[in-house]
Amino acid sequence: MTTLIKRTDHGDIRELQLDRAPVNALNPMLCDQLAEAIGAAVADGAGGIVLSGGPKVFSAGLDVPFLLTLPDRDALKAAWERFFDAARALAACPIPVAAAINGHSPAGGCVLALCCDYRVMAMGPYRIGLNETQVGLVAPDGIQRLMRRVVGAHRAERLLVSGELVESERALAMGLVDELAGIDEVPARALAWLQQLLQLPRKPVLATRAIARAEIVEAMQPENIRLDRFVDAWSDPDTQAGLRALVAKLGK
201 MTTLIKRTDH GDIRELQLDR APVNALNPML CDQLAEAIGA AVADGAGGIV
251 LSGGPKVFSA GLDVPFLLTL PDRDALKAAW ERFFDAARAL AACPIPVAAA
301 INGHSPAGGC VLALCCDYRV MAMGPYRIGL NETQVGLVAP DGIQRLMRRV
351 VGAHRAERLL VSGELVESER ALAMGLVDEL AGIDEVPARA LAWLQQLLQL
401 PRKPVLATRA IARAEIVEAM QPENIRLDRF VDAWSDPDTQ AGLRALVAKL
451 GK
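Numbering (the numbering used here), first residue to last: 201 to 452.
Honestly, I wouldn't trust all of these hints.
Below, simulated EDC-like cross-link-like pairs (lysine to aspartate or glutamate); rule was C-alpha separation at most 20 Å, straight line [as the list claims (entries may be wrong)]:
| # | residue 1 | residue 2 |
| --- | --- | --- |
| 1 | Lys206 | Glu236 |
| 2 | Lys449 | Asp428 |
| 3 | Lys256 | Glu364 |
| 4 | Lys256 | Asp232 |
| 5 | Lys256 | Asp384 |
| 6 | Lys277 | Asp341 |
| 7 | Lys256 | Glu385 |
| 8 | Lys277 | Asp428 |
| 9 | Lys277 | Asp432 |
| 10 | Lys403 | Asp244 |
| 11 | Lys206 | Glu385 |
| 12 | Lys206 | Asp232 |
| 13 | Lys277 | Glu379 |
| 14 | Lys256 | Glu367 |
| 15 | Lys256 | Glu357 |
| 16 | Lys206 | Asp244 |
| 17 | Lys403 | Asp212 |
| 18 | Lys206 | Glu364 |
| 19 | Lys277 | Asp436 |
| 20 | Lys277 | Asp232 |
| 21 | Lys449 | Asp432 |
| 22 | Lys256 | Glu369 |
| 23 | Lys256 | Glu423 |
| 24 | Lys449 | Glu364 |
Label pairs and their computed distance ranges (CB to CB) [stated by the list, open to error]:
| # | residue 1 | residue 2 | range |
| --- | --- | --- | --- |
| 25 | Arg426 | Lys403 | 34 to 42 Å |
| 26 | Glu367 | Val417 | 23 to 31 Å |
| 27 | Met374 | Asn424 | 32 to 40 Å |
| 28 | Leu406 | Thr203 | 38 to 46 Å |
| 29 | Gln399 | Gly324 | 24 to 32 Å |
| 30 | Ala292 | Lys449 | 29 to 37 Å |
Because the hints were derived from the structure by calculation, they are not lab data.
Fair warning: this is a prediction, and the values are worked out from it, not measured in the lab.
From the three backbone atoms N, C-alpha and C, an ideal C-beta is built for every residue, glycine too.
Modelling step: build the complete structure from the supplied sequences, incorporating the hints.
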């Protein structure tokens, strides 16, 4: 089986690097391996996880060209379920996770980052956000909750309705990310944040973290994603037109 997650231990912190060239598009195999790698890091006693991607793209989101080849609704739903399983593994991870966003992070890439505890992004012309409306999709309520949690309700509404992707400086200003660094230094800064956190008394930190992040776990529950509704909307003509326009753009 092709390995799509690189694992590197930095003492008691494990880095999980998305490694599906060229842009870490999230297909079911990558999502499955990410969920498994998170569980393995916890089982191996890691104190924290750095989730990285790159180069220049953290993750381009779901693999839309692949999704458009699926033969029926059941196959499409199964593929989306595997993405949400990976996102839930991050949201519910019992140890802290720092996202090293070393490049662009639209749509599903942004969702993964929002499920992490801390986000370090590359400074420069790199963009992040939930651009679902631009390709004919509606972000589920649970995903919208993640955005509202970090940028506030009014700003989240503006970003979600327009599907705007914002550059890193603006993302920092609005709280969508926590820190900027040179693109080659992003994983190291994420690692440094975790190392500092792990100097604190472990049990109180983890207990406090669990309380503070309960709303993230709740947001990602199936009743707040309503995957059946999302999949049903996939075949809407507006959605199909937007998706195929995206694929045409990617092919240029």
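**Study point:** Given pair status - Glu379, Lys277, alpha carbons within 20 Å
**Key:** Violated, at roughly 35 Å.
Check your understanding: Does Lys403 pair with Asp212 here, judged by a C-alpha cut-off of 20 Å?
Key -> holds (16 Å)
**Study point:** Agreement of Lys403 and Asp244 with the hint, judged by alpha carbon distance not exceeding 20 Å
**Key:** holds (18 Å)
Point to revise | Pair hint outcome, Lys206 versus Asp232 [Cα-Cα no greater than 20 Å] | key: holds (14 Å)
Check your understanding: Measuring from beta carbon to beta carbon, are Ala292 and Lys449 in 29 to 37 Å?
Key -> At roughly 35 Å between Cβ atoms, Lys449 and Ala292 fall inside 29 to 37 Å, so the hint holds.
Check your understanding: Quick one, are Lys256 and Asp232 close enough, alpha carbons at most 20 Å?
Key -> Between Lys256 and Asp232 the Cα gap is close to 23 Å, so the pair fails against 20 Å, i.e. violated.
Review point. When you check the alpha-carbon spacing of Lys206 and Glu236, does it fall within 20 Å?
Key: Holds. Lys206 to Glu236 sits at ~12 Å (cutoff 20 Å).
Practice item. Would you check the hint for Lys277 and Asp232, treating anything up to 20 Å between C-alpha atoms as holding? Key: holds (15 Å)
Review point. Quick one, are Lys256 and Glu385 close enough, alpha carbons at most 20 Å?
Key: holds (12 Å)
Check your understanding: Cβ-Cβ distance between Met374 and Asn424: within 32 to 40 Å?
Key -> violated (23 Å)
Practice item. Please work out if Lys449 and Asp428 have their alpha carbons no farther apart than 20 Å. Key: Measuring from Cα to Cα gives roughly 28 Å; hence the hint is violated.
Review point. Given the hint that Lys256 pairs with Glu369, does the C-alpha gap stay at or below 20 Å?
Key: holds (16 Å)
Of the numbered hints listed earlier, those contradicted by the structure are 2, 4, 13, 15, 18, 21, 23, 27 and 28.
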